[in-house]
Amino acid sequence: MSTATSPLDHVPHEHAAEEHGPFAWVATVDHKRIGILYLFTSLFFFAIGGIEALVIRLQLARPNNTLVAPDTFNQLFTMHGTTMIFLVVMPTLVGFGNYVVPLMIGARDMAFPRLNAMSYWLLPFGGFLLHFSVMAGGAPAGGWFSYTPLTETPFSSTPGTDYWVLALLVLGVGSVATAINFIATILTLRAPGMTMGRLPLFVWMTFVTSILVVLALPVLNASIVMLLVDRQLDAHFFLSTGGGNAILWQHFFWTFGHPEVYILALPAFGMISEVIPVFSRKPIFGHAFVAASTVAIAILSFGVWAHHMFAVGLGRTADVFFVVASMLIAVPTGVKIFNWIATMWRGSIRFTTSMLFATAFLVEFVIGGLSGITLAAAPIDWQVTDTYYIVAHFHYVAFGGTAFGVLAGLYYWFPKMSGRLLSERLGRWNFWLMVLGFNLTFFVQHFLGILGMPRRVFTYPDLPWWGTLNLISTVGAVFMGLASLLLVANVLHSMRRGQLAGDNPWDAWTLEWATTSPPPHDNFSEVPPVRGRRPLWDLAHAGGSTPPAASTSTAQRVLDKGAVAVWCFIASEAGFFLILIIAYVFFNLAGQEPVGPSSSNVLDVKKTAAFTACLFASSGTLWLSERSLHKDQTRPAAVWLVLTIGLGAVFMVGQGAEYLGLYQRGVGVATNLFATTFFTLTGFHGLHVTAGLFVLAIVLGLVLSRDFRGRRASLLRAVGLYWHFVDVVWLVVFSVVYLKAGR
Amino acid sequence: MTTWKLLMTCWALDPLALAVCVAAPIAYVAQRAGRSGARPLPFALALLIFALALASPIGQLADGYLFSAHMLQHLLLVLVVPPLALMGLAPALGPAAQRGISRLLFRPVIAWGLGVGAMWLWHEPTLCDAASQSPLVHRVQELSLLAMGTAFWWPILAPRGASRLPPLGGVVYLFTACTACTLLGILITFSPVQVCSVFAHPVDRLGVMQLVRDGWGLTAQNDQQIGGLLMWVPACLVYGAGILGVVGRMLREHADDGAMTTEGTP
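Line by line, the protein sequences give chains A and B.
Under the numbering used here, the residue at position 31 of the first sequence is numbered 31, and the numbers go up by one with no gaps.
Heads up: take any position in the second sequence, counting from 1, add 743, and you land on the numbering used here.
Hints listed in this document are in silico derivations from the structure and should not be mistaken for laboratory results.
Note that beta-carbon positions come from the ideal geometry of N, C-alpha and C, so glycine has one too.
A portion of the hints provided could be inaccurate.
Stated by the list, open to error - Derived list of chain B stretches under chain A, where covered just means 3 residues or more per stretch with a C-beta under 8 Å from a C-beta of chain A:
1) 752 to 762
2) 926 to 938
3) 963 to 970
What the hints assert, rightly or not - Only some residues are given here: those of chain A computed to face chain B with a beta carbon under 7 Å:
4) P192
5) G197
6) A291
7) A292
8) V295
9) A296
10) I299
11) G303
12) T317
13) V323
14) A325
15) W345
To be verified - Pair ranges (Cβ atoms, derived):
16) P454(A) with H944(B): 17 to 25 Å
17) F933(B) with F44(A): 38 to 46 Å
18) A590(A) with P909(B): 34 to 42 Å
Kindly generate the complete structure, drawing on both the sequences and the hints.
Shown next as structure tokens:
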């Protein structure tokens, strides 16, 4: 229960240095500071991505314009897309989540504060890698989806795509780490009484989004690793010249890409679900429906990627199924829209800037959703795919939807973060300029698309209406630029001179408004009791009989945050290996065997079986070690650990010997697709075993050096889970690669 | 033969379907006497779909003609009939019997294996061919699919809350099963080789192949693709509906106001 640590018995000294030292912001592990770092970093990249967009629009303002060269134009739209998705929208949503989620559930920090800091610092690092390409010979120019074979070395010879891959790998690791952190935080650190059913919708949607990130990002990571192997090691995963398959890239990319759309959208839905009820003075209409439809969207998102590929020619049969499945997404999304409207219905609405943006979100997002439904019909898609109709559609979803949602969230939570309100007067200018600019820019692009103007062209001939519509679009973009400047001015001005906010300026209901603005280092001096979905409302109307708060709180402490994190990590790694295994099966087992070396003529099944036995035995010894440790027998535990490490090392030696033998027979990564897929799959498994060996060595050191009881035991359990997982992966790899070879 | 004629005439009096459809309602009514809360509608729906899967043209075409019809039958027997029947059973089973079933047969890992196995096992080319050639094997297939489907759905829909998986576990259980099923669907959809060679050259006892190949324009390749896509997309939706059900149950049980009691939790 509310462990009433008053600010006085709390020791502020240990934090004092951390809060004010020269590296206070660099070294911070406080979720609030990290959240603000995220937000300012994404604001910085938003400026870069926005300037890129303005240059694109200026180039397209007139027919046959020559402001930028074609190749520069390609780099601009690639960088704009990549920047906005990976360096602006995702970090912004993570930033808000970081700041608000622990507060909303009554926690003191995220589950893993240091991991949180690492996730953040990977963001500037990834952004730096991406932009370093400009100095290294040219930015990536193959679009944010990097379609092969265009992005393969023969067609993109500058290192731009390599930097794109590296940057996305770094950002991907950061995103997965944050997602795991969110899941562990939400599952294990909720205040008493805060059941999953009472979670504020923003927290719920961050939770669902995090699951999507954990499952979808590894797919991207695995496929860009393959692209990197193609580019750096002359392999042919996606190049038809060596038997590879360019369409496979599209399948992999959109398996990630479609869930990514919802990763970008769902948290914004969550913000809207917080803002609309507070400013309508009504609880959200159909809380469970909003929550459950989020899950429905998340599930469907994994089943519809092929609708990005109607123009590829998957065949009528496949098209029909994906048309229907894609249209189904309109159902849970529509449910949400109606819930939000019903919440506003007959509410006493206060049109603050935040609420204005939320209302605009409803309108713009419905337009984007409707154009999305038209695109789900394959024949319409064939007509307008790769035209400005698509550009209009996804900007209505990503800007009219996500960005407006985020702006609503910013005006809503800024007082909590800074202690001061954003100026409403500037806010109104900001809002109307943004709405006007946005619709001018993108609404006309629907018409341009239907008139046949293709995307990603650096200029266009002077056809009827094209010049006029494009000019309107460019004027709109300038308005959006001005609106963004106003926003920055408002933030900078209000941070210092804004009206003081107080704890709860909006008279809102969720826990973050129960503490001071900005909150103290440990967030709460006392977490209010949670007896429903609106704890502060319950607190204010506490008259009469209040039911016991802790009725369901006993069950929620059972989960161990370390175990949750390891299981999420395993799920994510499983996704990574699944894609590598699918690539192996696709190239080796689905059709005829590749010419040249293949699993049946170069692999020695018996020898590998012996090394495999060693690896499996190591799982057994690790289990014995865990058991000894559980009984506080440190010495046998250490012996079993040494044995585990030894067996793992033997396996690695076996793999090394196998690689050496293959190398001596002239089989390298680039020899043929068997060799490419074999080395990629087993190599990554080997890397994981090696990493596991290092971690086990660290654990061994800890066991030998000091008392290992207590919290350390859960460390060994976590490491053990990972090690068993690596063995299970090898079980699959061994069956698919070696045992299938015998047939 | 026309499509209409096919729909009207291709019905078989399946003895198994007939027996079940007569016996089950009687047993259901007898069991239900004196107990409240049973839901006859899902139970009746389960019986109806079961009968359709076996006796209707779906069942006939599944018998060596169309891979897609076979897949439809397969999915109905694993993913639709068992969950509906379990939903209808609510209190019809005594608590002791339920605990017994849960403890003896249906550990989640095993149930998961059976549910996923039902998908993969019977699409092993030899088994798939055997099932569509020998009536005996076909019968074994149908019954085993029902049994494995029931085992699979038990941890999610067991009439007593205590036998069910906790919500998060249930979501993971269904999602991983969906992934495994999707993978097979993708494999079948894009596989250039015939999964069950029987369906490539059916023995035309009913005289419908001309209608299928020329009238409907279904080639053997097309037919297999539809089968794969059925397993890939709609099957996934069933698992998805299951996940939604589990999440909905969780949200309902941890109700808005503390005043509302939690129901269903032990």
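Here's how the hints hold up against the structure:
| no. | hint | result |
| --- | --- | --- |
| 1 | 752 to 762 | violated (count 0) |
| 2 | 926 to 938 | holds (count 6) |
| 3 | 963 to 970 | holds (count 3) |
| 4 | P192 | violated, 12 Å |
| 5 | G197 | holds, 3 Å |
| 6 | A291 | holds, 6 Å |
| 7 | A292 | holds, 5 Å |
| 8 | V295 | holds, 5 Å |
| 9 | A296 | holds, 6 Å |
| 10 | I299 | holds, 4 Å |
| 11 | G303 | holds, 5 Å |
| 12 | T317 | holds, 5 Å |
| 13 | V323 | violated, 10 Å |
| 14 | A325 | holds, 5 Å |
| 15 | W345 | violated, 19 Å |
| 16 | P454(A) with H944(B): 17 to 25 Å | violated, 46 Å |
| 17 | F933(B) with F44(A): 38 to 46 Å | holds, 44 Å |
| 18 | A590(A) with P909(B): 34 to 42 Å | holds, 38 Å |
Violated hints, in rising order: 1, 4, 13, 15 and 16; the structure is consistent with all others.
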